[in-house]
Amino acid sequence: MKYRKQPELVDAIQWTGSNLDDVTVFCGALVSSGGFGFTDRQNGQVVMNTAAGTQRAEPGDWIVKGVDGSFKAVKPEAFATIYEIAE
Numbered sequence: 065m066k067y068r069k070q071p072e073l074v075d076a077i078q079w080t081g082s083n084l085d086d087v088t089v090f091c092g093a094l095v096s097s098g099g100f101g102f103t104d105r106q107n108g109q110v111v112m113n114t115a116a117g118t119q120r121a122e123p124g125d126w127i128v129k130g131v132d133g134s135f136k137a138v139k140p141e142a143f144a145t146i147y148e149i150a151e
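So for the sequence shown, the numbering used here puts the first residue at 65; every next one is plus one.
Hints listed in this document are in silico derivations from the structure and should not be mistaken for laboratory results. Just so we're clear, the structure is a prediction, and the values are computed from it rather than from any experiment. Even for Gly, the Cβ is constructed at its ideal location relative to N, Cα and C. Hints may contain errors.
Computed spacing ranges between beta-carbons, pair by pair [as the list claims (entries may be wrong)]: (1) 98 x 71: 28 to 38 Å; (2) 151 x 107: 29 to 39 Å; (3) 71 x 107: 29 to 39 Å; (4) 96 x 118: 17 to 27 Å; (5) 148 x 98: 12 to 22 Å.
Input sequences plus hints: build the corresponding full structure.
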């Protein structure tokens with residue numbers, strides 16, 4: 065789904081803890097560069113090594129891909145206040 069952050073349009077997916085295949089496809093470029101991993105099976109964290117540093121997404125967090133192709137983890141509360149569905 066697409067979500068809008070004023071004034072930019074971003075792609076986002078919510079990490080549920082059980083949709084690793086979907087998240088892996090969503091983070092494709094990061095995965096192919098070796099910057100993505102599922103390292104904490106006990107807590108279900110997804111780890112993304114980005115230009116801005118290491119980002120950790122816990123189940124319930126959103127993974128947002130910016131217009132520049134960068135990825136970041138966003139807590140659900142922050143996501144709900146910043147973004148709205150665009151389509």
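Quick rundown of the hints versus the structure:
In this structure the supplied range 28 to 38 Å holds for residue 98 paired with residue 71, their Cβ-Cβ distance being about 33 Å. Roughly 33 Å separates the CB atoms of residue 151 and residue 107, a value that falls within the hinted 29 to 39 Å. Range check, residue 71 to residue 107: about 35 Å between beta-carbon atoms, so the 29 to 39 Å window is met. For the pair residue 96 and residue 118, the supplied restraint of 17 to 27 Å holds, since their beta-carbon distance comes to about 18 Å.
One distance hint, 12 to 22 Å for the beta-carbon pair residue 148 and residue 98, is violated here, with the actual separation near 33 Å.
Hint compliance for this structure: hint 5 alone is broken.
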